[in-house]
Amino acid sequence: MSTDPIPLMAGQRTSGIQTLPRAAEFLVGFSRLLRRSGYTVALEQTTAFLEAVNLLGPGSMEDIRQAALATLAPSPDRRREFETLFRSYFYGDTGTPAKGEYEGHDQDKTHVKDTGKERIEQTEGLRVEEGGSLSSSTERLTIRTFDAERENEELLRFRRALANALPMRRSFRTVRTNSHGSVDLRRSLRQIVRTDGDIPEPPLRRRQSVARKLLLLIDVSGSMKLHTTDHLKIAHAVVQTAKAAEVFTFGTRLTRITPSLRIRDLDHALSSAASRVDDWDGGTRIGPTLLAFLAVPRFAAFARGAAIVIFSDALERGDHIEMETAIRRLAARSFRLSLCTPLAGDPRFRPETAALGAILPVLDDLVDGSSIIGLTKFILSLGRPVPRAEAVGRRG
Amino acid sequence: MPKDVSSNSASFAASPEAIASQLASASYIADDGLATAIFLAIRLGKPLLLEGTPGVGKTEAAKAVAEALGRSLVRLQCYEGIDAAHALYEWNYQRQLLAIRQAGKREIDIYEDRFLIARPLLQVLRAPNDSLLLVDEIDRSDHEFEAVLLEFLSDFQISIPERGTVRAAAQPLVILTSNRTRDLAEALRRRCVYHWIAYPEPAREAAIILLRAPEVAESTARAVASAVRNIRQRPLAKPPGIAEAVEWANAATVLEKGGSPWPEAFRRAIGVLIKDQEDLSYLAAEIGGIVEEALR
Numbered sequence: 001m002s003t004d005p006i007p008l009m010a011g012q013r014t015s016g017i018q019t020l021p022r023a024a025e026f027l028v029g030f031s032r033l034l035r036r037s038g039y040t041v042a043l044e045q046t047t048a049f050l051e052a053v054n055l056l057g058p059g060s061m062e063d064i065r066q067a068a069l070a071t072l073a074p075s076p077d078r079r080r081e082f083e084t085l086f087r088s089y090f091y092g093d094t095g096t097p098a099k100g101e102y103e104g105h106d107q108d109k110t111h112v113k114d115t116g117k118e119r120i121e122q123t124e125g126l127r128v129e130e131g132g133s134l135s136s137s138t139e140r141l142t143i144r145t146f147d148a149e150r151e152n153e154e155l156l157r158f159r160r161a162l163a164n165a166l167p168m169r170r171s172f173r174t175v176r177t178n179s180h181g182s183v184d185l186r187r188s189l190r191q192i193v194r195t196d197g198d199i200p201e202p203p204l205r206r207r208q209s210v211a212r213k214l215l216l217l218i219d220v221s222g223s224m225k226l227h228t229t230d231h232l233k234i235a236h237a238v239v240q241t242a243k244a245a246e247v248f249t250f251g252t253r254l255t256r257i258t259p260s261l262r263i264r265d266l267d268h269a270l271s272s273a274a275s276r277v278d279d280w281d282g283g284t285r286i287g288p289t290l291l292a293f294l295a296v297p298r299f300a301a302f303a304r305g306a307a308i309v310i311f312s313d314a315l316e317r318g319d320h321i322e323m324e325t326a327i328r329r330l331a332a333r334s335f336r337l338s339l340c341t342p343l344a345g346d347p348r349f350r351p352e353t354a355a356l357g358a359i360l361p362v363l364d365d366l367v368d369g370s371s372i373i374g375l376t377k378f379i380l381s382l383g384r385p386v387p388r389a390e391a392v393g394r395r396g
Numbered sequence: 001m002p003k004d005v006s007s008n009s010a011s012f013a014a015s016p017e018a019i020a021s022q023l024a025s026a027s028y029i030a031d032d033g034l035a036t037a038i039f040l041a042i043r044l045g046k047p048l049l050l051e052g053t054p055g056v057g058k059t060e061a062a063k064a065v066a067e068a069l070g071r072s073l074v075r076l077q078c079y080e081g082i083d084a085a086h087a088l089y090e091w092n093y094q095r096q097l098l099a100i101r102q103a104g105k106r107e108i109d110i111y112e113d114r115f116l117i118a119r120p121l122l123q124v125l126r127a128p129n130d131s132l133l134l135v136d137e138i139d140r141s142d143h144e145f146e147a148v149l150l151e152f153l154s155d156f157q158i159s160i161p162e163r164g165t166v167r168a169a170a171q172p173l174v175i176l177t178s179n180r181t182r183d184l185a186e187a188l189r190r191r192c193v194y195h196w197i198a199y200p201e202p203a204r205e206a207a208i209i210l211l212r213a214p215e216v217a218e219s220t221a222r223a224v225a226s227a228v229r230n231i232r233q234r235p236l237a238k239p240p241g242i243a244e245a246v247e248w249a250n251a252a253t254v255l256e257k258g259g260s261p262w263p264e265a266f267r268r269a270i271g272v273l274i275k276d277q278e279d280l281s282y283l284a285a286e287i288g289g290i291v292e293e294a295l296r
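One line per chain: the protein sequences are A and B, in this order. With the first letter of the first sequence counted as 1, position 250 gets the number 250 in the numbering used here; the numbers rise by one all the way through. With the first letter of the second sequence counted as 1, position 182 gets the number 182 in the numbering used here; the numbers rise by one all the way through.
Just so you know, the hints here were simulated from the structure itself, not pulled from any lab data. Among the hints, erroneous ones may be present.
[Said to hold, decoys possible] Stretch-level coverage of chain A by chain B, calculated; a stretch enters the list once three of its residues show a Cβ under 8 Å from a Cβ in chain B:
| hint | stretch |
| --- | --- |
| 1 | 46-53 |
| 2 | 64-70 |
| 3 | 73-81 |
| 4 | 218-229 |
[As the list claims (entries may be wrong)] Covered, in the sense of this in silico footprint (three residues per stretch, anywhere, with C-beta under 8 Å from a C-beta of chain A), are these stretches of chain B:
| hint | stretch |
| --- | --- |
| 5 | 31-38 |
| 6 | 45-56 |
| 7 | 74-86 |
| 8 | 180-194 |
Every residue gets a Cβ at the ideal spot worked out from N, C-alpha and C, and that includes glycine.
With these hints in hand, go ahead and build the complete structure from the sequences.
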């Protein structure tokens, strides 16, 4: 298909771009505009767009719009933006955006930000606040380690160990094995044919083990600001090492920062992540943001069967019913749900707030999230079974 | 590759309007966008990628296209861990072994056609003009399988080491569906004609209900469509799809014939519409009002 010469408007076939008819030039301009606006449009798609417009007539602007939607394939999340661009390009319209058909995410008032491959324009740096005044009296008790060098070493060790420490599940695929498996019929038959009916030792296959998905949900609200940088460093190490990992931040909004953390350099990755998140050190709306997470089918499906680690103090402002619902739904989907709270760094900590008490029965782990060392140690232990969080909470 | 449009698909894909009317005779009501996307997919000779939330009729659309074209539907259901042996072909090893035994000293070719089990992709390659390939819920498969599929969709050929390459005589029609539980590879998206199926507007949903459930009265269908639209705007764990709306209209009609008055019949049949305990308790207080408003 790719060897086809590029068919242009009005059925003519040429090989040089200089002979593009003016109408076609105008249409090509639209895909160029899309590319400038951060959409990925392949040459193949532009060609298909021209062919489609040609096939449809075009009888009206609606035909061109339909052709653009079908061939340039904007993702449903950016559909409204796409319609606005289309109107401004073809109608010269700069008014209010046309209402897109897909508004599923608007049902929930909590803002979900998943820019995917969009370019990042903001350059606001990460606000690292060390030793600032603490927001609440409970946090003053937290034990923190400031030894940066040791932390870096720890992170390196963590990255090396993580690949083999993730929880595993049995995959549908099979791999060759020397023991404990069923007979590999395909290879056995080949051997039989080769050796004239003799098969001294039938080759075996067994089902492969693959690592489970890992989902990190990081609380970036004001009460967590001392720990946010640590959490992001860990998240960076996780995304760099684990095959299937996703990282979201939540405060008053939900933001997917996985694409930023894929950048190899730690500082660069952190500043890119910082510019994605709009709600640093703001208020806390744990319940609504987690419900917003679950309302996006793509995200909710990622949580299914995944090990979910939430970095949060679980201090919800006001009513905690929504948080309870969200945590319960997450727990029902996940393989293992863990809450890492910096408050647990204090030996006198008891999970006694109403919100924490309510979610404790569905949590698998409730652990100390106050230091990188403790956290990395915990994440490395995710593959091993532990007693329920409730039981640990009652202890001592 | 020549874009071989066989005669029945040429008459089917005369224009988007022709497609919409023929789909309607196959009991599927398509909007302009979908009809245009199907038209472009057939005429440009590209696979059609349909995305949408569960229950908006993606698989039904593929079935309707197959029916309208008079082709058989070859369905490949994707799942995590699906591999080439499930999608392309497999040898029938037991029969091969038996054949070797029976042959004794004679020469025998154990890679004949009769030992080959054709899986969906190979089936379609062998009869490209009589079948339509539906790759269902591609988002459930993993990235490796997406790559296998990508190769298949670009060349429409499968190489079998023992037999050589099998090529399609004409370009088969392919429809892929995805629930968008994860982003598909960019390479796959750009090879396809794309359409996002949204929930239909109430008038179209009422028409769908009437078409799918002939027992239901027109006023009921309209009430159901408007109530379901209202319910979908609420933050539910699982918003009801079109199939659920049809079932709800059906169930309420059955209950009404059994003697329940209208609003009561709708309320009692709610179990076929909402299938989540939390959503049910969330809606319990409001459902009466929603139904009243829709019936008005």
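8 Å C-beta criterion, at least three residues: is the stretch 31-38 of chain B covered by chain A: The restraint on the stretch 31-38 of chain B holds, since 4 of its residues have a Cβ under 8 Å from chain A and three suffice.
Tell me whether the statement that chain B covers the stretch 46-53 of chain A is true, taking a Cβ distance below 8 Å and needing three residues at minimum.
holds (count 3)
Are three or more residues of the stretch 73-81 of chain A within 8 Å, CB to CB, of chain B?
Coverage by chain B holds for the stretch 73-81 of chain A (4 residues, Cβ < 8 Å).
ask   = Taking a Cβ-to-Cβ distance below 8 Å as contact, does the stretch 180-194 of chain B have at least three residues touching chain A?
value = holds (count 11)
Practice task
Tell me if chain A covers the stretch 74-86 of chain B under the three-residue, 8 Å CB rule, please?
Solution key: It holds, with 5 qualifying residues against the three required.
Item to check | Coverage criterion applied to the stretch 218-229 of chain A (partner chain B; beta-carbon cut 8 Å; 3 residues) | outcome: As far as the stretch 218-229 of chain A goes, the hint is violated, because 0 residues have Cβ atoms under 8 Å from chain B.
Stated coverage of the stretch 45-56 of chain B by chain A [criterion: 3+ residues, CB within 8 Å]:
holds (count 6)
Examine the stretch 64-70 of chain A for residues whose CB is less than 8 Å from any CB of chain B, and state whether their number is three or more. Coverage by chain B holds for the stretch 64-70 of chain A (4 residues, Cβ < 8 Å).
Consistency note: the structure conflicts with earlier hint 4 alone.
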